[in-house]
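Taken in order, these protein sequences are the chains called A and B.
In this text, residue positions in the first sequence follow this note's numbering: the first is 1, and each later residue adds one.
In this text, residue positions in the second sequence follow this note's numbering: the first is 117, and each later residue adds one.
Errors might be hidden in some of the hints.
[Claimed, not checked] Not close to chain A: a few residues of chain B, all C-beta gaps over 10 Å, as computed:
hint, residue
1, 124
2, 131
3, 137
4, 146
5, 156
6, 198
7, 213
8, 217
9, 219
10, 228
11, 231
[Unchecked claim] Among chain B residues calculated to face chain A with C-beta under 7 Å, some are:
hint, residue
12, 160
13, 161
14, 163
15, 176
16, 178
17, 183
18, 185
19, 187
20, 189
21, 194
22, 196
23, 221
24, 224
25, 230
[Stated by the list, open to error] Below, a sample of chain A positions facing chain B; criterion: calculated Cβ distance under 7 Å:
hint, residue
26, 45
27, 49
28, 62
Simulated from the structure, these hints should not be mistaken for lab results.
A quick note: this is a predicted structure, and the numbers were derived from the prediction, not measured.
Beta carbons: idealized from backbone N, C-alpha and C, even for Gly.
Number of protein chains: 2
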Amino acid sequence: MTHSAHPPGLHILLDLHGARDLDDAARLESILRAAARAAGARVLGARFHRFGDTGGVTGVVLLADSHITVHTWPELGFAAVDVFLCGAAQPDLACDHVERALSPTRATRTRIARGS
Amino acid sequence: MTHSAHPPGLHILLDLHGARDLDDAARLESILRAAARAAGARVLGARFHRFGDTGGVTGVVLLADSHITVHTWPELGFAAVDVFLCGAAQPDLACDHVERALSPTRATRTRIARGS
């Protein structure tokens with residue numbers, strides 16, 4: 001990676017319950033790209049896929065600073081978001097943006113220092 | 117997503133210390149694709165990037181069953197791998213494959229049930 005600070009990064013697992021519009025892949029990509037910008041991260045690329053059966057979406061924004069991913073289950077109102085950022089990028093700012101955009105009734109963040 | 121079983125999935129954070137050949141993006145992509153197959157997961161696509169300064173690699177294999185990612189710091193001998201799989205796929209089998217391929221001197225797995 002580009003940064004050698006130790007530990008390499010902070011990983012936040014963000015679980016969203018009671019969220020809406022979880023079947024809109026284009027909107028989810030837009031939200032995750034904006035979340036990366038909010039955190040001060042640099043986007044290398046993105047790939048999103050919508051499943052035809054349930055409308056669930058799986059997507060990733062690959063970053064110079066690691067990654068942000070989302071996997072959704074519209075039928076459960078559930079989204080699993082990962083924000084793993086190294087260096088100076090601020091993962092909580094990315095999580096704040098995603099939470100505001102998806103308006104869950106309940107959200108949990110689990111923070112894990114990677115490489116420590 | 118394609119599976120509606122609750123909780124949606126098991127996420128394993130695999131940290132590898134003392135690993136080698138962490139600057140070879142093509143090899144890492146091959147390892148992660150094989151890990152997905154070992155776990156019984158279906159690959160939708162992949163994207164890998166090697167940084168010119170340190171040789172670190174950031175990469176993702178996007179799955180119908182969620183994702184496998186890797187971020188490496190060759191200068192530290194450190195790799196952060198994520199295996200998040202839902203449905204019938206078996207994330208520990210993917211981790212076993214990655215560990216065998218990268219031969220770390222120390223490995224830790226943190227297991228987190230998502231959406232429970």
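> What are the numbers of the hints the structure violates, in ascending order?
Replying inline: 1, 2, 6, 10, 11, 23 and 24
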